[in-house]
Amino acid sequence: KAGVTQTPRYLIKTRGQQVTLSCSPISGHRSVSWYQQTPGQGLQFLFEYFSETQRNKGNFPGRFSGRQFSNSRSEMNVSTLELGDSALYLCASSPMRQSYGYTFGSGTRLTVV
Amino acid sequence: KQEVTQIPAALSVPEGENLVLNCSFTDSAIYNLQWFRQDPGKGLTSLLLIQSSQREQTSGRLNASLDKSSGRSTLYIAASQPGDSATYLCAVSSFYNQGGKLIFGQGTELSVKP
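Chains A and B are the protein sequences, given in the same order. Here the first sequence is numbered in the working numbering, starting from 8 and rising by one per residue. Here the second sequence is numbered in the working numbering, starting from 246 and rising by one per residue.
If you are wondering where the hints come from, they were derived from the structure by calculation, not from laboratory data. It is possible that part of the hints are untrue.
Stretches of chain B that chain A covers, calculated by requiring three or more beta carbons in the stretch to come under 8 Å of a beta carbon on chain A [unchecked claim]: (1) 282-294; (2) 349-359.
Straight-line Cα separation of at most 25 Å, DSS-like style, residue types lysine-lysine; simulated pairs [said to hold, decoys possible]: (3) B/K246 / A/K64; (4) A/K20 / B/K287; (5) B/K246 / B/K287.
Facing chain A, from chain B, some residues (calculated, C-beta under 10 Å) [unchecked claim]: (6) L256; (7) Y276; (8) N277; (9) S330; (10) A336; (11) S338; (12) S339; (13) G345; (14) K346.
All C-beta atoms, glycine included, are put in the ideal place defined by N, C-alpha and C.
All chains should be modelled from the sequences, with the hints used to inform the complete structure.
What follows is the structure, given as structure tokens:
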């Protein structure tokens, strides 16, 4: 059974650019959540999608957005990149939101220069 | 506001020791609690999931307990091995949040010396 797949694994972008990260959940999982991990702030929740609808959102500026497609695959977008957006971005999926726990992908390492 | 704390922040033990990692949370209205391990630069690997109605879960050399009333969970690792070296994170899912959002502690960095 394939796990949660995140692409790309690594990205280097310049300040002011925008970036799109992709997450393919485990087959049959309908909930996808995104997290940002930095050495200073740890793991912080960005947002959650379930059945193509954003169900929950963390305290991040509007430059961070996401969406979920009918096949449950999800993308997150960060516009007008700042140096502070450099982080490991992790995606997690679950069959039915919080009931069964979450499985995480390997993450996308974003470096903003 | 739910806050999760993990103590100690770092731990170094010789191989073969039994050890306990601690996790505390401020709001007892949780749906479940999940323990993860993270190797450097990697994603999170789920170790154990404890539902709010459960007291403990076991998987191999790992045992996690949950005491909701005191806001505590412990992860017990028996007969530690160098391969257990990693950062261990606990995360709670709030009862009122209705899904999707895990609140993480800062983690305990474990080093098991051969």
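Taking the least C-beta to C-beta distance, is B/K346 closer than 10 Å to chain A?
With a minimum Cβ separation of about 5 Å from chain A (threshold 10 Å), the hint on B/K346 holds.
Within 8 Å of chain A's CB atoms, at least three CB atoms from the segment 282-294 of chain B: coverage verdict
holds (count 7)
Hint check: is the beta carbon of B/S339 less than 10 Å from a beta carbon of chain A?
Since chain A brings a Cβ to about 9 Å from B/S339, closer than 10 Å, the hint holds.
Given the hint that B/K246 pairs with A/K64, test it: the Cα-Cα distance must not exceed 25 Å.
It holds: about 15 Å lies between the C-alpha atoms, which stays within 25 Å.
Is the hint on B/L256 kept, meaning its closest Cβ partner in chain A is under 10 Å away?
Hint violated; B/L256 Cβ to chain A Cβ min 17 Å, cut 10 Å.
Verify the interface restraint on B/N277: the C-beta must sit less than 10 Å from at least one C-beta of chain A.
Nearest chain A Cβ about 7 Å off; hint holds.
Under the criterion that the straight-line Cα-Cα distance not exceed 25 Å, is the pair A/K20, B/K287 satisfied?
Holds, at about 20 Å.
Hinted contact B/S338 with chain A - closest CB pair below 10 Å:
Hint holds; B/S338 Cβ to chain A Cβ min 4 Å, cut 10 Å.
With 10 Å as the cut and Cβ atoms as the points, is B/A336 at the interface with chain A?
8 Å, holds
How does the coverage statement for the segment 349-359 of chain B fare against chain A, requiring three or more residues with Cβ below 8 Å from a Cβ of that chain?
holds (count 4)
Any CB of chain A closer than 10 Å to the CB of B/G345?
3 Å, holds
Is B/K246 close enough to B/K287, meaning Cα to Cα at most 25 Å?
29 Å, violated
Going through the hint list in order, the structure does not satisfy hints 5, 6 and 9.
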